[in-house]
Amino acid sequence: AKVSVVEKDVDLVKMIVASMADGFKGDARRAALAFQRLYQVVRKYCDEEAKTAAAEIVSAMGQEFRCDIGAACDAFERLVVAIVLAKSGKPITRSLDSLEE
Numbered sequence: 647a648k649v650s651v652v653e654k655d656v657d658l659v660k661m662i663v664a665s666m667a668d669g670f671k672g673d674a675r676r677a678a679l680a681f682q683r684l685y686q687v688v689r690k691y692c693d694e695e696a697k698t699a700a701a702e703i704v705s706a707m708g709q710e711f712r713c714d715i716g717a718a719c720d721a722f723e724r725l726v727v728a729i730v731l732a733k734s735g736k737p738i739t740r741s742l743d744s745l746e747e
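Here the sequence shown is numbered in this note's numbering, starting from 647 and rising by one per residue.
Mixed in with the good hints, there may be bad ones.
Cut-off 27 Å, straight-line C-alpha distance, at most; resulting in silico cross-link-like pairs (DSSO-like, lysine-lysine) [as the list claims (entries may be wrong)]:
(1) Lys733 to Lys654
(2) Lys690 to Lys660
(3) Lys690 to Lys733
Computed spacing ranges between beta-carbons, pair by pair [as the list claims (entries may be wrong)]:
(4) Asp673 to Glu710: 16 to 22 Å
(5) Leu679 to Lys654: 29 to 35 Å
(6) Ala732 to Lys660: 34 to 40 Å
(7) Met661 to Cys692: 16 to 22 Å
Just so you know, the hints here were simulated from the structure itself, not pulled from any lab data.
Where a beta carbon is used, it is the ideal one built from N, C-alpha and C, also for glycine.
Generate the whole structure from the sequences, applying the supplied hints.
Pasting the structure below:
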């Protein structure tokens, strides 16, 4: 059975939010907010491989973000872009700098 894209995205976001759990200190509202914000970001991209890799890296860094949802979203986006660029074979540095704006 093929897993739907929505299910995959939900799983990726779940993994990231769970990795940040310590930072929420039992505050379910903040955890739910984190889930919503990250889910919106994850949905913007369609490269499953890049999204999965980025989510794994962000999850590994989960505790570093404390509960800074913005920082986690930013890290996820930068990683997806870097991975997509790496897969395309284009030079990465200049394109990543353009994310600073």
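Each hint tested on the structure:
Taking the CA atoms of Lys733 and Lys654, the gap is near 21 Å; set against the 27 Å cutoff, the hint holds. For a cut-off of 27 Å, the pair hint linking Lys690 to Lys660 stands: about 16 Å separates their Cα positions. Simply put, Lys690 and Lys733 have alpha-carbon atoms about 18 Å apart, close enough for the 27 Å limit, and the pair holds. Restraint check, Asp673 to Glu710: a C-beta distance of roughly 19 Å satisfies the suggested window 16 to 22 Å.
Range check, Leu679 to Lys654: about 22 Å between beta-carbon atoms, so the 29 to 35 Å window is missed. For the pair Ala732 and Lys660, the beta carbons lie near 26 Å from each other, so the given range of 34 to 40 Å is not met. The given range of 16 to 22 Å is respected by Met661 and Cys692, whose C-beta atoms sit roughly 19 Å from each other.
In summary, the numbered hints that this structure violates are 5, 6.
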